[in-house]
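Student: Read off the chains here:
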Amino acid sequence: MRSAWLAIVSVVVAVGAVVAYALLIRVPLVRNHPGAYVVACALAVALAVLALVRARGRRWPAWIALGLTTLLLAGSGWFNFIAARIPSTPTVVRVGERPPDFTLPDAEGRPVSLADFRGKKPVVLVFYRGYW
Amino acid sequence: MAELQGLGAELSEAEKAGVEIVAVSPDPNERSHKMAEGLHLGYRFVADRDLAVARRYGLVHAHGGPSGEDVPRPATLVLDRDGVVRWLSLSDNFQVRPDPGDVLRAVRAL
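Protein chains in written order, with the working numbering: chain R, 125 to 256; chain W, 8 to 117.
Everything labelled a hint here was simulated from the structure, so no lab data went into it.
Keep in mind that the hints are not guaranteed to be accurate.
[Unchecked claim] Some chain W residues near chain R, calculated using beta-carbon distances under 10 Å: (1) Ala30; (2) Val67; (3) Thr83; (4) Val114.
Ideal placement from N, C-alpha and C gives every residue a C-beta, glycine not left out.
Please work from the sequences and hints to get the whole structure.
Tutor: Dropping the structure here:
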């Protein structure tokens, strides 16, 4: 494959992986394998290096590709392995035990307690951040 | 939010069978409510504004928010009718959420 094409493909792979993750994030298979976008960026860097090695004459497209893909690899790696990490916290809730009861207001301000459902319905309790 | 939407699609039939879905966050905004209404799912969004409940549950990610504020640690619990935890999902990476299929299986196994 010609160097210029390799350079273009490498950037497309890196950018494509990050964009695809963002767009497909609702798909559990995608969301739960965030490492995949880091792997794709690493692959992109390899392609850019290959572009550089194969360059005859103009080398700047390959250098630009290497710069961009390395940047995306560093960024995606940082995000996945550092920024997105949650430090372990001491366990309070455990399978087989009852979690603490609580009373919190719903959208209309009405109080909702976990105890309201006891003896009536199973509950799926989801704690989420409020934004991604 | 992506988790809740995925969950909703899977759990809507379980909802009809009588499972209560309670979503807890420090700041459930109007958009969450409208989305839940639009999906006709009967989620209850409750506000844990000062993270008091998240703290009691040991589910706080200290300084995990974009401005360095404390945020809840994402978690999903399935409680049976006696209020006992039968299934629990926690992750050490906030991008990862339990597969809605797994949650549904846990509910059906009750």
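Student: Each of the hints needs a verdict: does it hold here or not?
Tutor: Consistency of the hints with the structure:
1. Ala30: holds, 5 Å
2. Val67: Cβ of Val67 (chain W) sits 7 Å from chain R, so the hint holds.
3. Thr83: Holds, about 5 Å.
4. Val114: holds, 6 Å
Hint compliance for this structure: no hint is broken.
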